[in-house]
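Turn these sequences into a full structure, and let the hints steer you where they fit.
Number of protein chains: 4
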Amino acid sequence: MLQLNGIFPPLPTSFNKDESLSEKHIRNNIEFLNQYSLSGYLILGSNGELVMLSHEEKIRTLHAAREAIPKDKLMIAGTGCESTRETIILSKDAAIAGADTVMVLNPSYYKGQMSQTALVVHYHAVAEASDVPVIIYNMPANTGLDMTAADIIAISDHPNIIGLKDSGGNVAKMADVIFKAKKGFQVLAGSAGFLLPALSIGAVGGILALANIAPQHCLDIYQAFSDGDFNRARNLQQEIISLNAAVTRNWGVPALKSAMDHMGMYGGPCRKPLQPISEDVKKKLLQLL
Amino acid sequence: MLQLNGIFPPLPTSFNKDESLSEKHIRNNIEFLNQYSLSGYLILGSNGELVMLSHEEKIRTLHAAREAIPKDKLMIAGTGCESTRETIILSKDAAIAGADTVMVLNPSYYKGQMSQTALVVHYHAVAEASDVPVIIYNMPANTGLDMTAADIIAISDHPNIIGLKDSGGNVAKMADVIFKAKKGFQVLAGSAGFLLPALSIGAVGGILALANIAPQHCLDIYQAFSDGDFNRARNLQQEIISLNAAVTRNWGVPALKSAMDHMGMYGGPCRKPLQPISEDVKKKLLQLL
Amino acid sequence: MLQLNGIFPPLPTSFNKDESLSEKHIRNNIEFLNQYSLSGYLILGSNGELVMLSHEEKIRTLHAAREAIPKDKLMIAGTGCESTRETIILSKDAAIAGADTVMVLNPSYYKGQMSQTALVVHYHAVAEASDVPVIIYNMPANTGLDMTAADIIAISDHPNIIGLKDSGGNVAKMADVIFKAKKGFQVLAGSAGFLLPALSIGAVGGILALANIAPQHCLDIYQAFSDGDFNRARNLQQEIISLNAAVTRNWGVPALKSAMDHMGMYGGPCRKPLQPISEDVKKKLLQLL
Amino acid sequence: MLQLNGIFPPLPTSFNKDESLSEKHIRNNIEFLNQYSLSGYLILGSNGELVMLSHEEKIRTLHAAREAIPKDKLMIAGTGCESTRETIILSKDAAIAGADTVMVLNPSYYKGQMSQTALVVHYHAVAEASDVPVIIYNMPANTGLDMTAADIIAISDHPNIIGLKDSGGNVAKMADVIFKAKKGFQVLAGSAGFLLPALSIGAVGGILALANIAPQHCLDIYQAFSDGDFNRARNLQQEIISLNAAVTRNWGVPALKSAMDHMGMYGGPCRKPLQPISEDVKKKLLQLL
Chain B
1 MLQLNGIFPP LPTSFNKDES LSEKHIRNNI EFLNQYSLSG YLILGSNGEL VMLSHEEKIR
61 TLHAAREAIP KDKLMIAGTG CESTRETIIL SKDAAIAGAD TVMVLNPSYY KGQMSQTALV
121 VHYHAVAEAS DVPVIIYNMP ANTGLDMTAA DIIAISDHPN IIGLKDSGGN VAKMADVIFK
181 AKKGFQVLAG SAGFLLPALS IGAVGGILAL ANIAPQHCLD IYQAFSDGDF NRARNLQQEI
241 ISLNAAVTRN WGVPALKSAM DHMGMYGGPC RKPLQPISED VKKKLLQLL
Chain G
1 MLQLNGIFPP LPTSFNKDES LSEKHIRNNI EFLNQYSLSG YLILGSNGEL VMLSHEEKIR
61 TLHAAREAIP KDKLMIAGTG CESTRETIIL SKDAAIAGAD TVMVLNPSYY KGQMSQTALV
121 VHYHAVAEAS DVPVIIYNMP ANTGLDMTAA DIIAISDHPN IIGLKDSGGN VAKMADVIFK
181 AKKGFQVLAG SAGFLLPALS IGAVGGILAL ANIAPQHCLD IYQAFSDGDF NRARNLQQEI
241 ISLNAAVTRN WGVPALKSAM DHMGMYGGPC RKPLQPISED VKKKLLQLL
Chain Y
1 MLQLNGIFPP LPTSFNKDES LSEKHIRNNI EFLNQYSLSG YLILGSNGEL VMLSHEEKIR
61 TLHAAREAIP KDKLMIAGTG CESTRETIIL SKDAAIAGAD TVMVLNPSYY KGQMSQTALV
121 VHYHAVAEAS DVPVIIYNMP ANTGLDMTAA DIIAISDHPN IIGLKDSGGN VAKMADVIFK
181 AKKGFQVLAG SAGFLLPALS IGAVGGILAL ANIAPQHCLD IYQAFSDGDF NRARNLQQEI
241 ISLNAAVTRN WGVPALKSAM DHMGMYGGPC RKPLQPISED VKKKLLQLL
Chain V
1 MLQLNGIFPP LPTSFNKDES LSEKHIRNNI EFLNQYSLSG YLILGSNGEL VMLSHEEKIR
61 TLHAAREAIP KDKLMIAGTG CESTRETIIL SKDAAIAGAD TVMVLNPSYY KGQMSQTALV
121 VHYHAVAEAS DVPVIIYNMP ANTGLDMTAA DIIAISDHPN IIGLKDSGGN VAKMADVIFK
181 AKKGFQVLAG SAGFLLPALS IGAVGGILAL ANIAPQHCLD IYQAFSDGDF NRARNLQQEI
241 ISLNAAVTRN WGVPALKSAM DHMGMYGGPC RKPLQPISED VKKKLLQLL
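Protein chains in written order, with the numbering used here: chain B, 1 to 289; chain G, 1 to 289; chain Y, 1 to 289; chain V, 1 to 289.
A few of these clues could be false.
[To be verified] Covered stretches of chain G (chain Y as the covering partner; in silico rule of three or more C-beta atoms under 8 angstroms from a C-beta of chain Y):
{"id": "1", "stretch": "239-247"}
{"id": "2", "stretch": "259-269"}
[What the hints assert, rightly or not] Here are the simulated DSSO-like cross-link-like pairs (lysine-lysine), alpha carbons at most 30 angstroms apart as the crow flies:
{"id": "3", "chain 1": "G", "residue 1": "Lys180", "chain 2": "Y", "residue 2": "Lys283"}
{"id": "4", "chain 1": "G", "residue 1": "Lys283", "chain 2": "B", "residue 2": "Lys17"}
{"id": "5", "chain 1": "G", "residue 1": "Lys283", "chain 2": "Y", "residue 2": "Lys180"}
{"id": "6", "chain 1": "V", "residue 1": "Lys183", "chain 2": "V", "residue 2": "Lys73"}
{"id": "7", "chain 1": "Y", "residue 1": "Lys24", "chain 2": "Y", "residue 2": "Lys92"}
{"id": "8", "chain 1": "V", "residue 1": "Lys284", "chain 2": "V", "residue 2": "Lys272"}
{"id": "9", "chain 1": "B", "residue 1": "Lys180", "chain 2": "V", "residue 2": "Lys282"}
Keep in mind that the hints were calculated from the coordinates and are not lab data. Glycine included, every Cβ here is placed at the ideal spot set by N, Cα and C.
Right, here's the structure in full:
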């Protein structure tokens, strides 16, 4: 089974000033981050503005990213769409573009109809069709739908479904999933805010927005935990809560891109309606950095 | 200003058994409904599975619908996407396909960043670019984001924004919008469940899933209200709460399509992950019909 | 059956500067409001700071109120507590103190256990024991628990349960309750924000915070509706949304009491932790008045 | 500063069949649990049905508990009420009854008015008046109000406020509080579901419903963590998620009391409207035990 241990940044998708896709900056950012011991990259996650891109732009983004991602690092491709059929097509295209695995956000527009049966049917159809393994993606703050432990355990029962990224922060749920899902099912923390708590109950790593701008700090938490150096892990964890909140829940992708600009990478604009952060917020962000 | 008075069904998009688009059935359904005094049709709303369709399929759907919609009835096209740029492109293409007006669902994936400023910038950019007038669409049950009266009033302040469809059911909010928005701003009830209450505080009509399967009943409520026949309006309103809930909140588009099948129209399948209603639910639905 | 038609203010409970109960000001406020054609008063509702009072203070408040409420106006007493036994005791004591009917807020602390069965058992036990009729009180903004139409209909099925005050604002739900509950079951709007919409679907009146400070305006909406003068009713309804929001959802009981002070009644302080409104808010409130 | 390290059960309050208070069973249960290395007991928490008891019954409960709690174990008394004044009176009476510290649930009925200022004013007034130290209690599942890290940090800034019990499960928030609150501020996990994750980011222990029926298992997690035996801690943690959910979120205090009956302690009935668990649920609960 494909191993998902370690730290993965969910790469923002780079746009030029006119909001057109910039494959060059995508490659450059990855090349910059390749100096760290990251296990790979998530392309087309929430930080990758997946919902802002056309199908064709998504494929171009994946191709550009794969050119820059070394073979010994994983490329995880976000391929969740509202319909099962589009998710399957995108997952197949992602594998062709070099994705090692696809991460599938649950459909959520028809919240009231997303029963456990509907979710299982959806994920199993995708897993059946996909040429690479599937990771479940739960992101309630954006979808407004929080899959339960029972949902996830039922979905996980397919040989081509290998793990979960959970961005909801309910670590008791993650522990329950790890305990009850099939042996080898791998859970990844979806935010640096609860990386250490997630590791403590058996998560194998994290896909962390913060790893785009503080990769070494995230790797250090992971390493300290792996070394059994708990005081160090705890202190490192406590230190990054505020910065992490700044580039996730509080000010989102615009703040993350602004921080990347500040650190010598390319952040650039988000696609509208996402707005650039204000000067006032920028000041607060720089203090946190 | 384009008048939005009266009752509009939000037409489901017809699919063949293999989930491919059926333009024939879209046309047939509209031709069947043309016998009623409906003011027009919403194409590509939530009941039209807007999020399940590619850009190209959306355009084909609009063209097919326009062929069947007489010139004296309005075609409202749902064109909201997550990015401003895609929403603009689709709105322009919808006008070319014959839409009289476009209805724009608010972006919602990045809920935390959808400040009033972001929403105003988005809607005003779309209104500026669109060749036909724009209707705001608030659908919190699906988007997980409920625009406030203040949001809507701020957005409405553009000459090319003419109205609001509100599916949230907060009629106090609708009354506040009607009172404070520019003169002539038109509010439409987004569900038959609160049609009469909305009319009572000044809404001009409704875009009602129920109008696909009980068009005359919806028209009768509207007419009784217009005639000042309050007892009749109230009795008609009370009668349809349960059936309306069945084909909206409770069992959704699959139930609506099943009811259409039952009534001699074409319902057909939804795109997965939407599941057909169970036999048990079908029985309950038939009782309500 | 006791008739609940018309407009009722939910009287704030008056406190002296040291937060002690002021029976004198309770009586004075009622005497001032007696000049209007109100149908009665709710004592010990949410605006009456029911959760801030001891059992003994509640009884004193009811006695004081009854002294000032003429026989031809109803005294409705709020008697909901978390436990069934305490609710029964308080309801019996309220009847002794002269309440014509008791209004029972649902228990809500153990939200996860408040199944329909638990709610029915609770309300029926209270209805069985109470010497006066019982009104159900649904107030989701404060309790965090929104009883469904099905819950309310099941609860209503007891001969001593005569009505519902719903402060949630979901008029479709109210219409469903009116249609399906027993004949004669009376629904009251719980906020002036949706008085006219509620009347339009069959509510018999309202218990309205706004009726403490704008009793005639509330009565005028009711009267215009009763007279079939719809344009007038709609205009009056639209006018009061902002002021109503100010003294309910936005700034709460402290704003309501401040407005009463301004209008020659006694508002006085709330019990802490409720804070007096700021000077800035007070200015905005005066503008609305 | 009073040390809160270790595991504390929040003791259910014992009632006889007629729902009257049983001081005897309260004492017996504590005496049974005294055989474990628990650090003390929370009396009058959510599991103690605090909202079901009169002021006088609360005092009797505390006196009974103190008789059975040895001097070297802490008695924490839950004293939060909706009004500041009643909270102060109860906190003072709790100290007289032998409480070593009081735990104060935030007022929540007037959710919309519970600004940070209101919360700080409330807690500081209580801390100022209380003769024993104060612990903040955040329980969003019951109150419907989730205090933020910023709220808690602002509240914690009083010398007589020594810690926080957080039952919300957001460990990132707990980590933030620990990092930013004054040195020595002690955070306790409010549920066994996230005990290990909470310890991993610096919590000093937990107040755990599960500790009433599986005290040794809870102590073992705590000990394994303290010993740096992470594999053991993780395995123990994963094992108890389901049982913990059963006696907390899923089936609540009635299930907890039923489990206590099964284990040779006295559970007995809850006060209505809390309903006994069904036979079906009882079977599932026994399997988990």
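So, going through the hints one by one against the coordinates:
no., hint, result
1, 239-247, "holds (count 5)"
2, 259-269, "violated (count 0)"
3, Lys180/G with Lys283/Y, "holds, 20 angstroms"
4, Lys283/G with Lys17/B, "violated, 56 angstroms"
5, Lys283/G with Lys180/Y, "holds, 20 angstroms"
6, Lys183/V with Lys73/V, "holds, 24 angstroms"
7, Lys24/Y with Lys92/Y, "holds, 24 angstroms"
8, Lys284/V with Lys272/V, "holds, 23 angstroms"
9, Lys180/B with Lys282/V, "holds, 22 angstroms"
In the structure shown, a violation is registered for the earlier hints numbered 2, 4, in ascending order.
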